[in-house]
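Here the protein sequences come in this chain order: A and B.
Residue numbers for the first sequence follow this note's numbering, so the first one is 18 and each next one is one higher.
Residue numbers for the second sequence follow this note's numbering, so the first one is 3 and each next one is one higher.
Rather than coming from a laboratory, the hints here were simulated on the basis of the structure.
Be a bit skeptical, because a hint or two may be false.
If we take Cβ atoms under 7 Å as the criterion, some of the chain A residues that face chain B in the derived model are [to be verified]:
| id | residue |
| --- | --- |
| 1 | 53 |
| 2 | 64 |
| 3 | 124 |
| 4 | 125 |
Have a look at the derived ranges for each label pair, beta carbon to beta carbon [said to hold, decoys possible]:
| id | chain 1 | residue 1 | chain 2 | residue 2 | range |
| --- | --- | --- | --- | --- | --- |
| 5 | B | 73 | A | 181 | 46 to 56 Å |
| 6 | B | 23 | A | 124 | 45 to 55 Å |
| 7 | B | 80 | A | 116 | 29 to 39 Å |
| 8 | B | 7 | A | 130 | 36 to 46 Å |
| 9 | A | 60 | B | 68 | 13 to 23 Å |
| 10 | A | 98 | B | 72 | 49 to 59 Å |
| 11 | A | 36 | B | 73 | 19 to 29 Å |
Stretches of chain B that chain A covers, calculated by requiring three or more beta carbons in the stretch to come under 8 Å of a beta carbon on chain A [unchecked claim]:
| id | stretch |
| --- | --- |
| 12 | 58 to 65 |
| 13 | 70 to 76 |
The C-beta atom is built at its ideal place from N, Cα and C for all residues, glycine as well.
The chain contents come next:
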Amino acid sequence: MPAPSSSRPTPSITPMAGLLSIVLPGLGHALTGRVERGIFAGVGVLGLLLGGLLIGGVDAIDSREDRAWFLGQAFGGPIVFAVDAYHQSTKAYPVQGGRAEELGLSRRTSSSGPDYSVSENELDTRIIKRRIGPDETREVVDVIVFDAISGQGETRQLPVAVPQGSFEAGAPPIGEGLGKLNEIAMLYILCAGLLNIIVFFDAAVPTVRDVGSGAGQVAEPDENEQTEDAS
Amino acid sequence: MSVLAWRPFLDPLAVHDQWYLLIVPLVVLLSFGYKAVRVPNKGGSFSMGLYLRQAGLMAVQVGLTITLLYAGAIVIVGHLLERIT
């Protein structure tokens with residue numbers, strides 16, 4: 018009878034475990050019976066994610082201004098996307114005259130209709146939403162968007178950073194992350210995303226070796242089952 | 003209306019002078035998270051002792067490597083480049 022060590026057991030693929038590990042790191046491992054691994058993996062990934070947010074604030078995740086970082090951070094799961102969506106919702110388009118030499122929406126002198134106008138080409142290419150300053154408020158107002166070729170305009174509701182000249186009472190704007198702290202915070206969340214890739218694959222295709230089992234031996238995903246001999 | 007000067011998870015921390023200390027929890031969390039899925043079983047089951055040993059060792063190795071790279075960068079950028087250029 019041929020030696021059983023020459024045939025390796027095929028690791029079982031559990032897509033649902035992988036999917037759960039994306040939703041909540043460690044949950045996939047718990048589904049396959051590896052609770053301790055799931056707990057510690059979840060602590061690692063979520064600890065890095067929440068640690069990054071604690072250090073850098075919401076500004077540590079920005080899919081528009083830090084796109085390269087976000088491509089790696091996105092593997093951290095729905096939490097990253099939710100934080101980014103909230104972050105983008107706090108931004109607004111600048112207006113001309115609000116800050117020196119800043120390109121923004123034009124003020125209209127007309128006494129009726131929207132207070133601001135902009136060409137569609139500028140809105141798509143040159144004017145971008147940014148976080149509001151301490152002397153500004155974010156207001157959703159009617160803006161006339163002109164087509165540069167046809168000259169026709171349509172009214173849209175856009176968030177605008179309106180200068181106030183002084184700090185307004187109420188919730189202050191989101192603090193801007195600067196310098197090394199912002200970079201370290203982004204690094205925390207990037208590491209959380211990359212680590213979650215490893216956690217995902219280990220949850221979906223578990224290949225855990227036993228100590229001393231030798232190279233090439235693959236243990237059964239169920240930790241209660243015996244492993245093959247190294248010989 | 004918010005009465006906090008610093009809002010957790012919304013505003014960044016103000017620890018610019020001690021930024022290097024933040025590398026420690028990064029290395030620890032990374033090591034313990036990675037080893038949680040890579041440490042082998044012992045006797046067919048997850049071994050806490052083996053896990054803590056390997057994760058701690060990895061954390062020390064990564065931390066030392068980062069420190070040495072930082073020292074090397076200081077030497078190269080701060081001293082050698084000045085003499086070359």
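Here is how each hint holds up against the structure:
1. 53: holds, 5 Å
2. 64: holds, 4 Å
3. 124: Violated. Min distance 30 Å.
4. 125: Where the cut-off is 7 Å and the nearest Cβ of chain B is about 33 Å from residue 125(A), the hint is violated.
5. 73(B) with 181(A): 46 to 56 Å: Given about 48 Å between the Cβ atoms, the range holds.
6. 23(B) with 124(A): 45 to 55 Å: Holds - the Cβ-Cβ distance for residue 23(B) and residue 124(A), about 48 Å, lies within 45 to 55 Å.
7. 80(B) with 116(A): 29 to 39 Å: holds, 36 Å
8. 7(B) with 130(A): 36 to 46 Å: Distance hint for residue 7(B), residue 130(A) holds at roughly 41 Å.
9. 60(A) with 68(B): 13 to 23 Å: holds, 21 Å
10. 98(A) with 72(B): 49 to 59 Å: At roughly 33 Å between Cβ atoms, residue 72(B) and residue 98(A) fall outside 49 to 59 Å, so the hint is violated.
11. 36(A) with 73(B): 19 to 29 Å: Between residue 36(A) and residue 73(B), where Cβ atoms are some 43 Å apart, the hint is violated.
12. 58 to 65: violated (count 0)
13. 70 to 76: Result for this restraint: violated, n = 0.
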